[in-house]
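The chain contents come next:
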Amino acid sequence: MGRDKAEDLKKIYDWTQQSIELLSHLEHGLSGLLQEWETFHSPSGDIGYFSSISGHGSKSLWAIKETFEKLDSLRQRLVHLKGSSRRPAEDVSFAKFGSNSTDTLTHSYNSACSYKAIKLRNTALKRHSATPNRRNAQLKRLKTTPNRQNTINARLNLAFGFVIFDCYFYVKEG
Amino acid sequence: MFELKLHLPYFKLITGYPPKKAHHRMKSRLRDVSFLRAGTSNFVGRDVILQGHYSIVIHGYSDQIWDAHSFENNDFDGDDWDDEDREDENSEDEDLEDEEFQEDPNAGVEANMPIWDAREYFLRIFNVRSTQILQPAKYLVRWLERSIDNYVG
Numbered sequence: 001m002g003r004d005k006a007e008d009l010k011k012i013y014d015w016t017q018q019s020i021e022l023l024s025h026l027e028h029g030l031s032g033l034l035q036e037w038e039t040f041h042s043p044s045g046d047i048g049y050f051s052s053i054s055g056h057g058s059k060s061l062w063a064i065k066e067t068f069e070k071l072d073s074l075r076q077r078l079v080h081l082k083g084s085s086r087r088p089a090e091d092v093s094f095a096k097f098g099s100n101s102t103d104t105l106t107h108s109y110n111s112a113c114s115y116k117a118i119k120l121r122n123t124a125l126k127r128h129s130a131t132p133n134r135r136n137a138q139l140k141r142l143k144t145t146p147n148r149q150n151t152i153n154a155r156l157n158l159a160f161g162f163v164i165f166d167c168y169f170y171v172k173e174g
Numbered sequence: 001m002f003e004l005k006l007h008l009p010y011f012k013l014i015t016g017y018p019p020k021k022a023h024h025r026m027k028s029r030l031r032d033v034s035f036l037r038a039g040t041s042n043f044v045g046r047d048v049i050l051q052g053h054y055s056i057v058i059h060g061y062s063d064q065i066w067d068a069h070s071f072e073n074n075d076f077d078g079d080d081w082d083d084e085d086r087e088d089e090n091s092e093d094e095d096l097e098d099e100e101f102q103e104d105p106n107a108g109v110e111a112n113m114p115i116w117d118a119r120e121y122f123l124r125i126f127n128v129r130s131t132q133i134l135q136p137a138k139y140l141v142r143w144l145e146r147s148i149d150n151y152v153g
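Residue numbers (the numbering used here), protein chains in the order written: chain A, 1 to 174; chain B, 1 to 153.
The shape of chain A in the complex, shown without the other chains:
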């Protein structure tokens, strides 16, 4: 695989990672605010202190409720956007997985982001494997056996779709 291609793939990976992390951060902030509103607005919430309010106060309360409904709609749009942001990386991953080339996408991807990829790959495989211990043992063997590189690449390809999903949690650890 050419250097330019590898750089393009790294850009896609970086863009996806940054986008997902940003959208998660915004969604998290908005969700926290909406959760506070739900607590305030619940039957046992502090809204009870305003039960006797009328006139302008009552109108304000109604308007606040509408505003938070709109904020919730924006939160849902952020969730939808996160799905859209994953698409470029997923498209690249699926396209390459169908190829017979041994000079694989994931080899370059792994070269560019080796530590992150391995860390995230393990997370993804742990989550999706029915026998996590055996799978991790296999991965450890593969990492220390260079002549099985092609097998590693195939596994990275499989993991790539999940890598994006885990980006936010990884960044938080850092």
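It should be emphasised that the hints constitute simulated quantities derived from the structure, not laboratory data. Ideal Cβ positions, reconstructed from N, Cα and C, are used throughout, including at glycine. Just so you know, not all the hints are guaranteed correct.
Ranges between beta-carbon positions, derived for each pair [said to hold, decoys possible]:
1. A:R3 to B:D32: 39 to 47 Å
2. B:R146 to A:S51: 21 to 29 Å
3. B:E3 to A:L34: 44 to 52 Å
4. A:V79 to B:H7: 21 to 29 Å
5. A:L34 to B:G16: 44 to 52 Å
6. B:E103 to A:E7: 23 to 31 Å
Distance condition first, Cα-Cα at most 30 Å in a straight line; then the derived DSS-like pairs of lysine-lysine [stated by the list, open to error]:
7. B:K5 to A:K10
8. B:K138 to A:K11
9. A:K70 to B:K12
10. A:K59 to B:K5
11. B:K12 to A:K59
12. A:K11 to B:K5
13. A:K82 to A:K11
14. B:K138 to B:K5
15. B:K138 to A:K65
16. A:K5 to A:K82
17. A:K59 to B:K138
18. B:K12 to B:K138
19. A:K10 to A:K65
20. A:K82 to B:K138
21. A:K70 to A:K59
22. A:K82 to A:K70
23. A:K59 to A:K82
24. B:K12 to A:K82
25. A:K70 to B:K138
26. A:K82 to B:K5
27. B:K5 to A:K5
So, partial list: chain A residues that the calculated Cβ filter (under 8 Å) puts toward chain B [to be verified]:
28. R3
29. S24
30. H28
31. Q35
32. P43
33. F50
34. A63
35. G83
36. R87
Given the coordinates of chain A, work out where chain B should sit on it, guided by the hints.
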């Protein structure tokens, strides 16, 4: 004795933010999102998201006897900081002498015709401030949708 508290965090997109413009107080609250411009060009400056926060505490002895204290850390208006500070200092005395409309900066109402009821005042501010955070949130989400659609194609 009662106490009413409101804390509203919010995000505000600032496009074309000049490089190295960030005031030292703001740096930790600015997030550079210029990477979302991928595929576009001819833009000056950076795109940043400012994380702001508004708080108000109302406390007192009854609905009619109370104090309110508000805080906001969004001090960005796109102008030069030092000039703005000087203007504020100079205009403060003039404002005090002005007997015309005096705005309550929290509720956006005439300060000389105050809302006496603490709970009504709280709800008024809650309404005004939540509406104020909705507008930049809408703008931000629309901008994100456009930017991501452009990249994803």
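Structure-based check of all given hints:
no., hint, in the structure
1, A:R3 to B:D32: 39 to 47 Å, "violated, 27 Å"
2, B:R146 to A:S51: 21 to 29 Å, "violated, 43 Å"
3, B:E3 to A:L34: 44 to 52 Å, "violated, 23 Å"
4, A:V79 to B:H7: 21 to 29 Å, "holds, 24 Å"
5, A:L34 to B:G16: 44 to 52 Å, "violated, 30 Å"
6, B:E103 to A:E7: 23 to 31 Å, "violated, 54 Å"
7, B:K5 to A:K10, "violated, 46 Å"
8, B:K138 to A:K11, "holds, 28 Å"
9, A:K70 to B:K12, "holds, 16 Å"
10, A:K59 to B:K5, "holds, 20 Å"
11, B:K12 to A:K59, "holds, 27 Å"
12, A:K11 to B:K5, "violated, 45 Å"
13, A:K82 to A:K11, "holds, 17 Å"
14, B:K138 to B:K5, "holds, 25 Å"
15, B:K138 to A:K65, "holds, 17 Å"
16, A:K5 to A:K82, "holds, 25 Å"
17, A:K59 to B:K138, "holds, 23 Å"
18, B:K12 to B:K138, "holds, 10 Å"
19, A:K10 to A:K65, "violated, 44 Å"
20, A:K82 to B:K138, "holds, 16 Å"
21, A:K70 to A:K59, "holds, 17 Å"
22, A:K82 to A:K70, "holds, 19 Å"
23, A:K59 to A:K82, "violated, 35 Å"
24, B:K12 to A:K82, "holds, 19 Å"
25, A:K70 to B:K138, "holds, 9 Å"
26, A:K82 to B:K5, "violated, 33 Å"
27, B:K5 to A:K5, "violated, 54 Å"
28, R3, "violated, 20 Å"
29, S24, "violated, 12 Å"
30, H28, "violated, 11 Å"
31, Q35, "violated, 12 Å"
32, P43, "violated, 19 Å"
33, F50, "holds, 6 Å"
34, A63, "holds, 5 Å"
35, G83, "violated, 10 Å"
36, R87, "holds, 5 Å"
Violated hints, listed in ascending order, are 1, 2, 3, 5, 6, 7, 12, 19, 23, 26, 27, 28, 29, 30, 31, 32 and 35; each of the other numbered hints is respected by the structure.
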